[in-house]
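**Q** Chain by chain, the residues run as shown.
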Amino acid sequence: MVIGVLGLQGDVREHLASLRCAGMEGRVVRTPADLAELSGLILPGGESTAISLLGEGGIFAALRGCVRDGFPLFGTCAGMVLLAAEVEGRDEPHLGAIDITVARNASGRQVDSFETELDVDGVGKKLCAVFIRAPFITRVGPGVRVLAEHEGVPVMAEQGNVLVASFHPELTEDPRIHRYFGAIAERHEQEVRRS
Amino acid sequence: MVEKGTFRVKSGLAEMLKGGVIMDVTTAEQARIAEEAGAVAVMALERVPADIRAAGGVARMADPTRVREILDAVSIPVMAKARIGHFVEAQILEALEVDYVDESEVLTPADPQFHIDKWAFTVPFVCGARDLGEACRRIAEGAAMIRTKGEPGTGNVIEAVKHMRRMNEQLRTTLAAPAAELMTLAKTWGAPIQVLHAIREGGRLPVVNFAAGGIATPADAALMMQLGCDGIFVGSGIFKSADPAKRARAIVEATTAFDDPKRLAEVSADLGEPMSGIAIEEIPPHEMMQTR
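Chains as they are written, first to last, in the working numbering: chain C, 1 to 195; chain B, 1 to 292.
Note that these hints are calculated values from the structure, not bench results. The reader is advised that the hints may include incorrect statements.
[What the hints assert, rightly or not] EDC-like mimics (lysine to aspartate or glutamate), calculated; alpha carbons at most 20 Å apart, straight line:
| no. | chain 1 | residue 1 | chain 2 | residue 2 |
| --- | --- | --- | --- | --- |
| 1 | B | Lys-262 | C | Glu-56 |
| 2 | C | Lys-126 | B | Glu-3 |
| 3 | B | Lys-4 | B | Asp-117 |
| 4 | B | Lys-4 | C | Glu-149 |
| 5 | C | Lys-126 | C | Glu-173 |
| 6 | B | Lys-4 | C | Asp-112 |
| 7 | B | Lys-187 | B | Asp-259 |
| 8 | C | Lys-125 | B | Glu-3 |
| 9 | B | Lys-162 | B | Asp-117 |
With the rest of the complex left out, here is chain C (with noise of 0.2 Å):
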């Protein structure tokens, strides 16, 4: 199984060693012709707004594409404010692939980034999370299950095959959650096979 990382800009490399790590195969995405034979696709941590105007233009009408389609999606910080249906302080959502809002930078400035240890649900206990000038979801909408908590705030959840999360697993060596994506992608690759 092949997991896309979009390398636009920001901590690709980390997630391509959190899939090796994980047992899987990972693989640089640019333009609409790298999704070919994919099964999920992580749109890594970075600054948002640069890897949307990198992306507006080029790969991020394909990824809508992705998104109507049900195609397993993956967000970590930035790419949980790509994929959310809002993104507070702006009139448009950049792909909206989960009914979440999220405030940009609500844990702070860099000096109030973070490390800590959390429990999300279906993945295990006691998960290091890195937080860095991270994003917090504000809502949930009635679809979207949350899969962990931080001081009662949301900062993971999924709603059919999209996956996101405030912080970067990707930054640690446990490789417990990019499995859970992989086991994502997996079912979604059963099902298409069975249609």
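Following the hints, put chain B in place on chain C, whose structure we already have.
**A** The following block gives chain B in isolation, referenced to the frame of chain C:
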């Protein structure tokens, strides 16, 4: 338990900036132009390096009011420069809550012998380096990000190329050397051996390495990316050019499409005049910034 200012949190922000462009800005308006062009961060300073070079005298940390205006103007990370060894300027910048401090040779050094003890801070630091020994010393002092020094304010990429090639060559040597030779390499380069061990464990520098010092065109940015750097700092190259917004956007595009010459040809066209450059041999030795 919540832990702030860990090395993973500090170096992690630099990891997020990879493949992006960090632009020098002196006003809130310039910061907004940079953000709209797709900059991943801005560097707040009083004057761009080319103007510092022209003005002479002592160059210091920017006025806190200036830094605050820029912090308020954009949603992307804001960096600011402190003088080499001036730990109080760094304390002030940390109190202002800038996202990264650049302990920078562009400003006039405050200490002829010692750099800042960067472990003592919650805010992360980026430092310049001309070779692997210098990079390793800064990392051992707590720097969470490295950039080549190049020769700032010249619009001339030759020194950045020289520094990146030298670092790459020394990285290859470090990775290939038998264990018995490592201490002698450490001694020769002035590189703390524990950082050389970390390089061998990870197969690369333990922190992100950007290119800086003389990058003025999209082709310069792509050149540095093809030489293996993780991202780009552009100092004077943008706001000393004829059309800053257009050039900024073109350098952002070139940094992502660095290995696609057709795309580079498109983004390099019709940008207006670049900043006028300086030949390195025209700079008197005492005015070189990289040797600071």
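**Q** Would you mind marking each hint as holding or not holding in the structure?
**A** Status of each hint after checking the structure:
1. Between B:Lys-262 and C:Glu-56 the CA atoms are separated by roughly 19 Å; this keeps the pair inside 20 Å, and the hint holds.
2. For a cut-off of 20 Å, the pair hint linking C:Lys-126 to B:Glu-3 stands: about 15 Å separates their Cα positions.
3. At roughly 18 Å between alpha-carbon atoms, B:Lys-4 and B:Asp-117 fall within 20 Å of each other, so this suggested pair holds.
4. For the hint pairing B:Lys-4 with C:Glu-149, the CA-to-CA distance comes to about 18 Å; that is within 20 Å, so the pair holds.
5. About 13 Å separates the Cα atoms of C:Lys-126 and C:Glu-173, which keeps this hinted pair within 20 Å; it holds.
6. In summary, the hint linking B:Lys-4 to C:Asp-112 is supported, as the alpha carbons are separated by about 6 Å, within the 20 Å threshold.
7. Restraint check for B:Lys-187 and B:Asp-259: the C-alpha separation of about 37 Å exceeds 20 Å, so the hint is violated.
8. With a CA separation close to 18 Å, the supplied pair C:Lys-125 and B:Glu-3 stays within the 20 Å bound.
9. Using a Cα cut-off of 20 Å, the hinted pair B:Lys-162 and B:Asp-117 is violated, with the two alpha carbons roughly 28 Å apart.
Checked against the numbered hints given earlier, this structure breaks hints 7, 9; the rest are met.
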